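Colleague: Listed below are the residues making up each chain.
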Amino acid sequence: MVAEFDRLERHSVCELFCYEGDTRGYGIADQLQTYQSRPNCGSSIGPEFAIHGADPNTSSSLGFYLRLGDDDTIYATSVHHALGPNVNPIDVDSPPEISIQHPSFPDVASQIEQIESEIDAASNGESDVLVPTKTLQKVLQELKSLDNSFGVVVASGYGVVQIDGRNVSEDWLLIEVPAHKTGVNHVRAITFPPGPGRSFRELEWTPRDTYGIYVNGLDDLTKGMWVCKAGRSTGDTVGRVQFAYSHCKLTGNAVETREWTIVSSVFGDKPIFAKKGILGPQW
Amino acid sequence: MVNRVGDLVGIVLGGVSGKPIELEGHEELGPVYVTYITSAPFLLQRIERVFGRSVNVEQVDIAAIPGVIMGTGRHHENDLD
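These protein sequences, in sequence, are chains A and B. Each residue of the first sequence is one higher than the one before, counting from -2 in the numbering used here. Each residue of the second sequence is one higher than the one before, counting from 415 in the numbering used here.
Heads up, some of the hints might be wrong.
Restraint-style ranges between C-beta atoms, simulated for each label pair [said to hold, decoys possible]:
id, chain 1, residue 1, chain 2, residue 2, range
1, A, 66, B, 444, 44 to 54 Å
2, A, 54, B, 433, 18 to 28 Å
3, B, 441, A, 142, 52 to 62 Å
4, A, 176, B, 478, 15 to 25 Å
Taking lysine-lysine and the DSBU-like style, the derived pairs with C-alpha atoms no more than 35 Å apart in a straight line are [to be verified]:
id, chain 1, residue 1, chain 2, residue 2
5, A, 131, A, 178
6, B, 433, A, 246
7, A, 220, B, 433
8, A, 178, A, 135
Everything labelled a hint here was simulated from the structure, so no lab data went into it. No experiment lies behind these values; they were computed from the predicted model shown. We put the CB at the ideal spot given by N, CA and C, even for glycine.
The shape of chain A in the complex, shown without the other chains:
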């Protein structure tokens, strides 16, 4: 931005408008891995410290925000596995103090590495990046001194439960988030209103703004339902619920469970709806 400004003919700055938040256009994965002052659904999170079995090298995606009863406190959801593979479900009556950061430690480290690499390349005259080295150094300094603490874990559930006689996986995490760091339930998604020759992405998804869809209610999953998600690994994707598959064998589960399933073809150029590690267990 400074480089662009330097190219302009100007005498002085008359007005300066500031925007708090992330200004980029679409919910691709890279953007969900970068810092937002108030992160929304799909943003990168992970444990802040290696404590009580939590693994700071774990990256996951932020779920949605909720409140309990009439309480003013806002909580964010994710999956229990966001803490790493070696943490027991968190008891609400005696939760160990596990802090969550945004973005996750690996995502911050990756961005620092990338900028350092660009600075090195620039100092060796090998960079084609137009941003001045001084600006890159400033961004690097800001990134290193970022206050990326996000919240504290208050409870989680993990295992297999029986619903109407069927085994179903339970995997959730609840994080208490300070009010000044709370985002909104908004799913970044490149979906458009309907038009001639529309594709599955171009159908009407509302209520929405330029960047995505606002959560406007709650509904059950049904077979054939079109859904859209945002996550730090695969970004925003659209899929259709195929069926509830009764033979899921997730890592850590001793029995098969029944889970709603989206199938992505191995053919064509449509993106996979979600890869392992998007939000939850890997198998």
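With chain A fixed as given, assemble chain B onto it according to the hints.
Modeller: Relative to chain A, chain B alone:
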């Protein structure tokens, strides 16, 4: 994860990458990539059970946000094909 009218419907449990898999009982699909989803109402029910309190999903006042596009009613799945 939301549906076409902005209802929260679930979160992703996980998905496969690398080698596609065959689903038992759905072999006609061939090798596929799959994503498993936890239903949002189920998830909220589990949290309610643990805390003994009702759970309310946060919603912004959409009417108060300039430029938000509301639906026109074209939300039937039949519109899709």
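Colleague: Work down the list of hints and note, for each, if the structure agrees.
Modeller: Here's how the hints hold up against the structure:
1. A:66 to B:444: 44 to 54 Å: holds (48 Å)
2. A:54 to B:433: 18 to 28 Å: holds (24 Å)
3. B:441 to A:142: 52 to 62 Å: Since residue 441 of chain B and residue 142 of chain A have Cβ atoms about 54 Å apart, the given range 52 to 62 Å holds.
4. A:176 to B:478: 15 to 25 Å: Given about 18 Å between the Cβ atoms, the range holds.
5. A:131 to A:178: holds (29 Å)
6. B:433 to A:246: holds (16 Å)
7. A:220 to B:433: Roughly 25 Å separates the two Cα atoms, so the pair holds.
8. A:178 to A:135: holds (23 Å)
Violated hints are absent here; each numbered hint is respected by the structure.
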